[in-house]
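Residue numbers (our numbering), protein chains in the order written: chain A, 46 to 215; chain B, 34 to 119.
Keep in mind that the hints were calculated from the coordinates and are not lab data. Remember, predicted model here, so these are calculated numbers, not experimental data. Backbone N, C-alpha and C fix where the C-beta goes; we use that ideal spot for every residue, glycine too. Keep in mind that a hint or two might mislead.
Stated by the list, open to error - Using C-beta positions, here's what the derived DEER-type ranges look like: (1) B:Leu86 <-> A:Gln67: 19 to 29 Å; (2) A:Asp51 <-> B:Ala107: 20 to 30 Å; (3) A:Cys148 <-> B:Pro82: 28 to 38 Å; (4) B:Leu73 <-> A:Gln177: 17 to 27 Å; (5) B:Pro82 <-> A:Asp51: 32 to 42 Å; (6) A:Phe53 <-> B:Asp48: 21 to 31 Å.
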Amino acid sequence: MKLWRDEFSIEAAHERYVARRQFGKFLVLTSFGMFVGNLWILARSYFRRAETFPRTLVAHASDIPKGGVRLFRYPGDQDPCILFHTQSDRYVAYSQKCTHLSCAVIPATDGRRIECPCHHGFFSIEDGRVLQGPPPRPLPRIVLDQRGDELWATGVDLGTESSAPEELKS
Amino acid sequence: MSGPPPVSRGLTALDGAISLIAILLVVQMWLLTATLEAFLGGHHEVAVPAAILSGLLFAASFGLYRFILVIDRAGGGGRPGGQGTS
Ligand code: FES
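Isolated chain A (complex conformation):
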């Protein structure tokens, strides 16, 4: 009996106490991690606000028939975008990355919607808002500027629900 007590000299209650205190410490460290995450978002917001976009020629309007599309990359080489000449005779462009899990979006067969084939998300072709499916946000809209026959990309609008689309008539 004495030997047993010598071998296991730490009381169960004390051991529980230490384990829980350690758990508390872990929770506080996790809390600190969350705080750092929020600070990271704050820093990213600050730098994104200062971001400027290049002015890039993306297509010639006369090359895209009504209902047609053109793929391009903007603002960088890793940012695929899609330009539509809609049935209502407007030119609109969006990022091609679905806001759900970044699959490439394509025009739906009805010509009025943009479809994400991965999980059947649908976006409005007119303003990029979500119509159906799992995407949580509208498609980022590429701001276009038409000069004669030339279509220039001048910026990216991340598509807050309230922002009205820029209309470009052909």
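Given chain A, put chain B with the ligand in place with the hints provided.
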């Protein structure tokens, strides 16, 4: 009537503090995901208040952790006169 022994009283206080920290942590997790969602959606104006709130929640958690250390020093952990192994 001597009341519960110090270790069990320390455990009760510790459990209370840990429960509060856990609740604060859940709120903080929700705050982080909501802020990230807003950030990705282009709403950058929420970043500052969210960071301040997250900092306050962390400060509260840290305060509770300090309380745990105080219990420790008072011998709540069962070791006479101070912190046990950590
Ligand atoms: S990736 Fe587009 S709906 Fe899931």
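Tell me the numbers of any earlier hints that the structure contravenes, in ascending order. Hint 5 contradicted; others consistent.
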